[in-house]
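Trainee: Protein chains in written order, with the numbering used here: chain A, 1 to 217; chain B, 1 to 380; chain C, 1 to 231; chain D, 1 to 295; chain E, 1 to 629.
Careful, some of the hints might be misleading.
[As the list claims (entries may be wrong)] In silico DSBU-like links for lysine-lysine, alpha-carbon gap of 30 Å or less:
{"no.": "1", "chain 1": "A", "residue 1": "K21", "chain 2": "B", "residue 2": "K294"}
{"no.": "2", "chain 1": "A", "residue 1": "K157", "chain 2": "A", "residue 2": "K130"}
{"no.": "3", "chain 1": "C", "residue 1": "K199", "chain 2": "E", "residue 2": "K535"}
{"no.": "4", "chain 1": "E", "residue 1": "K535", "chain 2": "C", "residue 2": "K218"}
{"no.": "5", "chain 1": "A", "residue 1": "K17", "chain 2": "A", "residue 2": "K43"}
{"no.": "6", "chain 1": "C", "residue 1": "K214", "chain 2": "C", "residue 2": "K151"}
{"no.": "7", "chain 1": "E", "residue 1": "K537", "chain 2": "C", "residue 2": "K214"}
{"no.": "8", "chain 1": "B", "residue 1": "K309", "chain 2": "A", "residue 2": "K21"}
{"no.": "9", "chain 1": "A", "residue 1": "K43", "chain 2": "B", "residue 2": "K210"}
{"no.": "10", "chain 1": "E", "residue 1": "K368", "chain 2": "B", "residue 2": "K357"}
{"no.": "11", "chain 1": "B", "residue 1": "K210", "chain 2": "D", "residue 2": "K252"}
{"no.": "12", "chain 1": "A", "residue 1": "K157", "chain 2": "C", "residue 2": "K122"}
{"no.": "13", "chain 1": "B", "residue 1": "K309", "chain 2": "A", "residue 2": "K144"}
{"no.": "14", "chain 1": "C", "residue 1": "K151", "chain 2": "E", "residue 2": "K368"}
{"no.": "15", "chain 1": "C", "residue 1": "K151", "chain 2": "A", "residue 2": "K144"}
{"no.": "16", "chain 1": "C", "residue 1": "K199", "chain 2": "E", "residue 2": "K368"}
{"no.": "17", "chain 1": "C", "residue 1": "K122", "chain 2": "A", "residue 2": "K130"}
{"no.": "18", "chain 1": "B", "residue 1": "K294", "chain 2": "A", "residue 2": "K43"}
{"no.": "19", "chain 1": "A", "residue 1": "K23", "chain 2": "B", "residue 2": "K309"}
{"no.": "20", "chain 1": "E", "residue 1": "K159", "chain 2": "C", "residue 2": "K218"}
By construction, these hints were calculated from the structure, which means they are not laboratory data.
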Amino acid sequence: MNKVPIDEILNKVNGIKITHKRKTRIRVDVDADSLPTLLELIKGRASYIHLSAITCVDWIADNQFELVYHVWSYEEKCLISAHTRIDRGSESNPAKYVSVYDLFKPADFFERDIFEMYGVTFIGSPRMEKFILTEWNGVPPMLKDFDAEAYVQETFKWTDYNPDWLQELTDQGGGIAVKPEDIRTAGNTHNMSTHRERDKAKAAAVKANEKMQGWKQ
Amino acid sequence: MRPENYQAVKLGQSNEYEIFIGPNHPGIEGNYAFRLMLDGDIVVSGKADAGYLHRGFEKLMEGRLWIQNLAIVPRICVPDPAPMEVAYSMAVEEIMGIEAPIRAQWIRTMQLELSRVAAHLFTFGGHAATTGMYTPMFWGVADRDLVLDLFEDFTGGRVYSIYNIPGGVRRELPPEFLQKLSNLLDYLESRQNDYDNLLFTNQVFVDRAKGCGALTQEQALELSVTGPNLRACGLAYDVRRDDPYLVYDELEFDIPIQTAGDAYARILVRRDELFQSIRILRQIIERLPSIKGKIRTPIPNPLSWNVRKGEAYARVESSKGELAYYVVSDGGDKPYRVHVRGPSSMHAVQTLEFLAKGARLEDVAQIMFSLDACPPEVDR
Amino acid sequence: MKKELKIIQKERTNPLAHVFDDFISFCQSKSLFMLHYCTGCGAIELPPAMTSRFDMERLGIQPMVTPRQADILLITGYVSIKTLKRVILTYEQMQSPKYVIGICSCTVNGGMYWQSYATAKKLNEYMPVDVYIAGCMPRPEAVMEGLQRLKDNIRNDKKEHKGSAWKDYFNRYDYYLGNQQALFGDDWQTPTDIIAEAKLYDLETEETYGKHTKLLEKHQTPLLPQEMRIK
Amino acid sequence: MNALHLMAELIFMPLIAFIVGMMMVLMMRKIAARLQRRIGPPFFQPLYDIVKLYGKDTQISHGLIHDIGIIMAVGGYIGAEILLPVPGMEGIAAKGGVITLSYFLMIPSLGMALGVGQCANPNGSIGISRALTAMLAYDIPFILVVFGAAWHYQSTSLIGMIEYQQMHQWGIVEMPLLAIAGLFALQGMLGKQPFEIYIAPAEIATGPMVEMSGKYMGGLFVMQTFQLYTAGVLYASLFLGGGTSFLTLLPKAFLVVALPMSIAFMFPRYKTEDVIRILWKWPVMLALISLAFIL
Amino acid sequence: MTFLDHLFIVVFISLIAISALRNLRIVDKLAPVLYGLILIMLVRMSSVAYGGDVYLSSVSLDLLDFKMHWQFTALSWYFAIITVVAALASAVFMSGDWGRQYREQGGNYGMLQLALIVNVFSMILLLGSGDLLSLFIGWEFVSWASFLMMVLSPTKLAKKSAVKYIVYAMTGAMALMVAIVMIYSVNNSLEFKQIGEVFTQMSTSSQLALVLLFFVAFAIKMGLLPFHLWQAIAYAETPGPGAAFLGAISSRMGMFTIVLVIVQFIGLGGLKQLGISFVNMQTLLAWVAALTTIIPTYIALQQHDAKRLLAWHGVGQGGYMLLGIIMFDSIGSAGGLMHVLNHASYQAALFMTVVAVMYRTGTSDLNKLGGLVTQMPLTFLVMLIGIIGLAGLPPMNGFVSKWLVYRSLLVNGQPLLFVAAVLGTLGTILSVYKLIHNTFLGQLRLEHQNVREVPWSMLVPMLGLSIIVFITGFMPGLILPWIASVQESVGLPVIAHHLGGIEYAKGGLDMIWVSGILFYGFGVGALIFYFLGGKSKRVHQYDNYAGGHFLTSDVRYHYSNNFYPGLMHLIGGWYRGSFKWLENSIVSVVSFFSIFFENIYRAKQPVMLLLIGVVLALFALYRNLGVGA
């Protein structure tokens with residue numbers, strides 16, 4: 001059988017952008033509309049039968065989800081990562097995309113995973129139901145606007161480590177003078193996105209500590 | 001759980017009943033559940049129920065520094081943690097555009113193969129225990145402990161080594177280490193006969209395992225089965241050879257295959273792979289002393305390290321199958337997105353459900369263990 | 001724990017009764033069945049502790065399959081909320097005296113998953129914990145050491161009341177139930193009937209009841225055992 | 001037989017069985033430990049386990065039949081021990097015989113089956129269904145063995161059989177094939193691998209024991225001690241000449257129990273139908289050949 | 001007027017009274033009283049069961065040149081007392097609430113009462129027969145009486161199986177008649193004792209034919225292999241206590257005649273001389289008996305309808321009776337004979353428990369029940385005692401008779417028969433456990449949460465029967481004198497017995513000791529359980545191990561269907577293969593015949609008329625044949 005170069009097949013898809021990253025990696029960017037066509041083409045014509053993964057990336061700044069389909073060919077020994085972007089949707093109108101379950105059976109797992117982690121509904125996927133998070137009632141947790149740390153601080157009281165002997169030490173002026181949670185509430189650390197802010201907070205803590213030391217002297 | 005769950009519901013006329021395998025059940029690997037509808041002892045349908053080990057790894061990683069994440073990645077698969085850190089490091093290196101020094105790559109390869117040996121030794125016992133034979137479990141786990149001792153010796157950690165960092169490995173091998181490794185390999189090879197007699201050629205075990213949970217190659221490909229499970233169906237596919245990473249293209253090793261695709265074929269593939277790993281390790285012992293050089297490419301201060309924008313898909317062959325990390329960076333000091341593609345997420349859900357249908361209750365646990373599924377890879 | 005345990009001590013006039021009790025607690029410390037339930041990654045260090053190299057059976061510890069048979073519940077690592085419900089059910093299904101061992105740092109305060117939305121942080125808010133074995137993960141030696149500590153506690157239970165943490169669950173059921181309700185919602189109910197059990201075995205105190213148990217009584221579907229009846 | 005002797009038998013026969021049985025349990029666990037390169041439990045471990053289980057503070061019951069099942073299981077074995085003659089205590093045993101005894105041995109199974117059934121757990125019910133199927137499997141060779149022995153010794157009384165063997169030769173010498181068939185049946189009767197289908201933790205979570213807690217489980221542990229003792233002594237009486245004193249009887253009984261135990265930890269379990277197939281093939285064939293010689 | 005005449009009169013008056021009053025409510029009270037009266041009449045004759053003289057009836061009929069007369073031997077008395085007790089229990093059972101419900105559901109209650117008394121009447125007539133002709137008449141009556149009871153059920157299957165039954169019964173009657181004619185043709189006499197004389201005069205082939213004809217006739221009634229296919233379904237479809245009565249005793253009339261004719265007059269010598277090389281008639285019959293214990297038992301194992309399961313066991317247990325009696329020694333025949341009574345007692349009790357469960361839940365499908373023990377504890381107790389008896393475990397009476405049979409097989413050196421018998425017992429244990437598990441144990445269905453124990457009118461006969469099961473097991477010496485008299489009267493070696501069991505040179509049986517040891521064991525077990533362990537707490541069935549899951553009410557957590565899958569993987573193919581093939585072939589033959597009969601019997605009303613008519617027609621037939629001979 002004559003081997004058709006993969007680029008030739010890929011170029012049949014409208015608006016495709018092909019990047020050869022290295023010998024075994026090809027990145028392609030396509031429109032959301034033509035992605036199923038692309039997958040069908042590379043599966044049917046170029047032996048890309050192994051769906052390695054489907055990844056969803058939440059580009060909140062662009063208000064878009066990026067879906068990445070990693071497909072491998074056992075014969076060509078090459079991995080095509082097909083990137084596409086879909087609208088991020090909103091709470092009332094969640095994002096939708098078409099399922100590739102009829103092409104790749106494992107899509108069932110990945111699409112269900114994306115459904116519960118990001119809230120993207122895949123039309124035609126056999127089991128659009130919760131799987132891992134069956135007992136989770138909040139928003140899909142992987143969304144960038146779900147702040148896990150804030151949720152944790154709210155839900156769990158986990159930092160109250162106050163044994164009596166330590167309390168005595170603190171009362172006598174030893175131990176940790178400024179408690180981390182004081183700084184946390186003051187600096188609202190869990191919203192800090194960079195380490196620099198965190199450093200600032202740390203510096204504040206050190207300063208406070210020094211103050212305490214000074215007071216003691 | 002909720003009061004309404006206990007209110008009267010009229011049951012249907014069906015004679016099928018339910019059996020819950022897991023999460024608290026010796027027939028399940030780890031904290032995972034498999035819900036069976038049975039008629040007599042024939043499974044009418046099975047439904048995987050995951051999420052008991054869900055920690056939101058991918059979310060956690062988005063909230064931590066690039067270097068911090070190395071501490072949590074191995075925890076995604078407990079019995080075989082080394083491929084996790086290697087894959088993550090490789091992905092980050094690819095985004096960064098750096099490459100680990102050649103000596104570090106050899107050491108990583110050694111770490112991976114040792115981890116594979118440990119994982120396979122662990123699996124034999126688990127598989128045998130599902131058929132009621134506990135002695136291989138005792139032997140296998142004890143022999144695995146010797147491998148863990150070596151891990152402790154050169155990484156400092158028994159189970160979770162956290163040995164890799166993007167750009168290389170954390171520290172140089174201790175003196176005399178290769179000699180110890182060589183001794184261990186001798187010991188493991190000397191145990192081959194015992195294991196063969198006890199387990200692999202044990203007639204009762206062979207009877208139980210043959211024909212149990214058989215997959216054809218087409219079915220396996222359709223379900224994206226990878227790793228030893230795919231090789232047991234007759235397809236000689238191995239990421240180590242077909243998508244080479246580290247120094248595997250310089251090493252000589254065979255890819256053992258079986259054609260039956262059943263539980264017995266799978267455990268035989270693992271057995272052969274164990275000895276291939278020993279073969280690889282012997283080559284490493286031979287060549288590593290001659291490879292001199294650094295073990296780390298310098299990277300910026302990890303606490304204020306902004307990885308440049310980009311994405312990478314790194315694949316390695318773990319003991320369970322194809323493990324992949326998809327890492328996206330937006331140029332910040334934390335990953336923008338990390339997606340873990342655990343091999344077991346394919347094996348423990350769809351493949352297991354597929355194989356369980358029509359199987360006997362006696363075989364369900366064996367099918368699960370023969371697939372060597374690792375539930376945390378599903379849950380993450 | 002903020003409060004001292006209140007141990008209900010009955011007057012025993014028979015001098016032999018103490019000998020008998022001591023013998024039973026001696027046997028209890030010598031024979032421990034642990035539940036085969038791998039809740040988290042720490043479970044990977046249990047097989048080495050059980051098998052040939054460290055051999056837990058020489059301490060009289062052996063694995064058991066169902067909660068009914070077991071004495072020790074080993075919480076081996078982080079508990080996700082989904083697991084925590086099962087762990088609580090499993091704990092309630094176990095028969096007293098029962099012991100909980102929190103293995104790994106994650107059971108102490110969430111460990112390295114402190115910022116995870118899916119894992120519970122402090123185990124002793126939901127059930128009384130006898131021994132914590134910190135570490136990530138603790139080595140088999142540490143596990144054995146912890147079990148040895150538990151055995152000592154059980155052995156000295158009559159003198160120092162160390163090994164009776166399980167009574168706390170009945171004595172202060174309202175507290176534990178309250179924490180469970182806070183996490184799982186107000187209409188949380190297990191099929192086990194802890195209050196009836198506390199009544200039957202004289203383990204109730206005034207802290208067994210409270211606003212949380214009231215809430216439970218209000219919404220629950222009562223699951224009373226079916227009694228034999230002739231007419 | 002005077003009243004004192006009767007009382008002594010009623011009390012001491014089960015007691016001896018219990019103590020010897022505990023030692024057999026210990027031996028079983030030690031053998032397992034040795035094969036698995038371990039040290040194994042301390043000497044009093046079986047006792048600790050049983051006392052601990054009976055000393056549990058709380059335990060659940062699924063209803064009266066659950067309780068009665070355990071009582072029947074333990075009680076049936078206590079009755080069986082009294083019918084099993086041992087040196088110096090064979091007054092009551094003379095009232096029964098080997099057929100009565102083999103029927104007595106079914107009572108504990110039935111009791112356990114009832115108790116487990118009341119637990120309303122399908123794991124337990126599957127376990128019982130498998131246990132009864134296994135009983136069907138091992139009882140055929142067992143009954144052939146009993147038949148052969150009874151025919152050979154011209155007696156259905158175990159006392160008569162022992163007397164015959166003491167006067168002539170041991171049964172194992174005169175009927176080696178039957179003795180081997182008996183060993184097969186014994187392995188099935190003790191429910192050890194490869195015939196361990198009804199416990200099968202990985203499949204049905206220990207089957208019948210699934211809902212047993214505290215004294216219920218303790219009852220099953222006591223039952224296990226009786227089971228091992230009965231198997232050992234019965235086989236020793238049928239084929240190894242019994243014993244004129246405990247010093248000669250007990251080593252034989254321990255040897256008989258040790259043999260299947262050493263095999264057990266080297267094999268997985270068969271599926272149910274394979275158990276029947278195996279037990280109806282080899283031991284039955286051996287027993288029939290042997291019967292052809294005897295009759 | 002002898003006592004026997006009194007008995008006949010009382011029975012006949014009962015028949016008239018019940019048939020006259022059958023549609024009035026008074027029959028509820030009257031029927032048990034009448035059966036009680038019959039029982040008293042029988043008890044008056046009990047001296048015959050303790051070695052007394054045979055009771056002869058003063059009535060006799062002259063027919064042609066032949067005098068037809070009736071008599072009651074120990075054998076007759078033994079079967080009669082079983083019959084009457086079973087009838088009494090059934091009558092009490094159906095007299096109260098069960099009957100009311102049966103009427104409400106549109107059943108013809110009067111006909112059921114009538115059918116019962118007709119059955120009793122015809123059986124007493126048969127049991128009292130004094131010669132071959134009265135035997136034949138009684139035989140016909142019994143066949144048609146059973147048919148009368150079977151057709152009462154309105155289901156199509158019941159009708160079909162009843163027709164199937166009557167075809168079999170007619171075949172059997174023909175065989176019997178031919179056999180009688182053969183005897184008559186030799187000696188022109190129909191006295192019983194002629195059989196033995198005639199038999200010795202016959203050629204071997206005629207002997208063989210005679211034995212086979214008799215055996216076929218009796219085997220059909222008893223449901224022995226290969227004529228076992230009609231019985232179970234026909235009995236199972238019979239309404240309520242009717243099934244209990246039929247299952248308990250009706251088919252044992254075959255056993256009675258086998259003892260009466262084959263055992264008594266042809267004897268061991270007669271059977272042994274027939275046959276080639278090592279297969280003689282005795283071996284053949286023994287193997288028929290052994291296969292009868294095995295095959296129906298394993299068919300029962302597959303049933304998922306409780307009544308059908310029990311009915312198949314009824315067929316299977318017949319094998320033990322034959323197996324015992326065919327050994328012709330004192331213990332074996334005692335076991336076989338004793339099993340008739342034992343089987344009747346527990347089988348009636350078991351059928352009644354199933355009917356009681358149906359009364360409350362409306363189904364006897366084992367897959368639709370479960371967990372009823374808390375709701376119906378006394379019914380459970382009766383079933384428990386019944387299944388222990390049926391399985392033949394100590395201390396119930398089934399153990400005694402089976403022990404005797406085993407002992408006999410052992411003494412006679414029959415290892416394969418022994419294994420076959422054990423195989424049957426084990427199959428019985430498996431299947432009765434399934435019965436009790438699926439009905440009373442396991443998870444209670446929510447729709448059965450308000451089920452209550454059945455009323456006393458139903459409980460009393462069940463409990464009474466289970467007391468019989470226990471007492472005769474505990475003290476078999478109460479029954480053994482009757483057995484010994486029977487053995488004496490039919491010329492078998494007589495068993496040496498005492499109150500606790502039997503004495504036998506190489507190991508006897510003393511049930512008082514055995515039960516005593518067992519109860520001692522239970523007592524010690526209970527002491528250990530209640531005093532060494534602490535209190536236990538009752539829990540709800542949802543508080544159960546489910547792998548850590550929460551059991552909820554929408555989960556079916558009860559294992560019932562295909563209860564022995566492991567065994568079925570191995571032997572399931574045989575059911576589909578040989579059994580089904582055999583059954584299908586026989587059924588097709590039967591249905592071929594039944595095309596004719598169905599047309600005749602479609603009209604249900606004049607059943608009694610038909611019965612009489614057919615008997616008369618047979619007489620005519622007989623006369624023609626007789627003249628021809």
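Trainee: All hints are to be evaluated individually against the structure, with a verdict given for each.
Mentor: To see whether the hints hold, each was checked on the structure:
| no. | hint | in the structure |
| --- | --- | --- |
| 1 | K21(A) x K294(B) | 27 Å, holds |
| 2 | K157(A) x K130(A) | 28 Å, holds |
| 3 | K199(C) x K535(E) | 12 Å, holds |
| 4 | K535(E) x K218(C) | 29 Å, holds |
| 5 | K17(A) x K43(A) | 18 Å, holds |
| 6 | K214(C) x K151(C) | 37 Å, violated |
| 7 | K537(E) x K214(C) | 23 Å, holds |
| 8 | K309(B) x K21(A) | 15 Å, holds |
| 9 | K43(A) x K210(B) | 33 Å, violated |
| 10 | K368(E) x K357(B) | 25 Å, holds |
| 11 | K210(B) x K252(D) | 39 Å, violated |
| 12 | K157(A) x K122(C) | 8 Å, holds |
| 13 | K309(B) x K144(A) | 18 Å, holds |
| 14 | K151(C) x K368(E) | 49 Å, violated |
| 15 | K151(C) x K144(A) | 48 Å, violated |
| 16 | K199(C) x K368(E) | 36 Å, violated |
| 17 | K122(C) x K130(A) | 27 Å, holds |
| 18 | K294(B) x K43(A) | 43 Å, violated |
| 19 | K23(A) x K309(B) | 21 Å, holds |
| 20 | K159(E) x K218(C) | 57 Å, violated |
In summary, the numbered hints that this structure violates are 6, 9, 11, 14, 15, 16, 18, 20.
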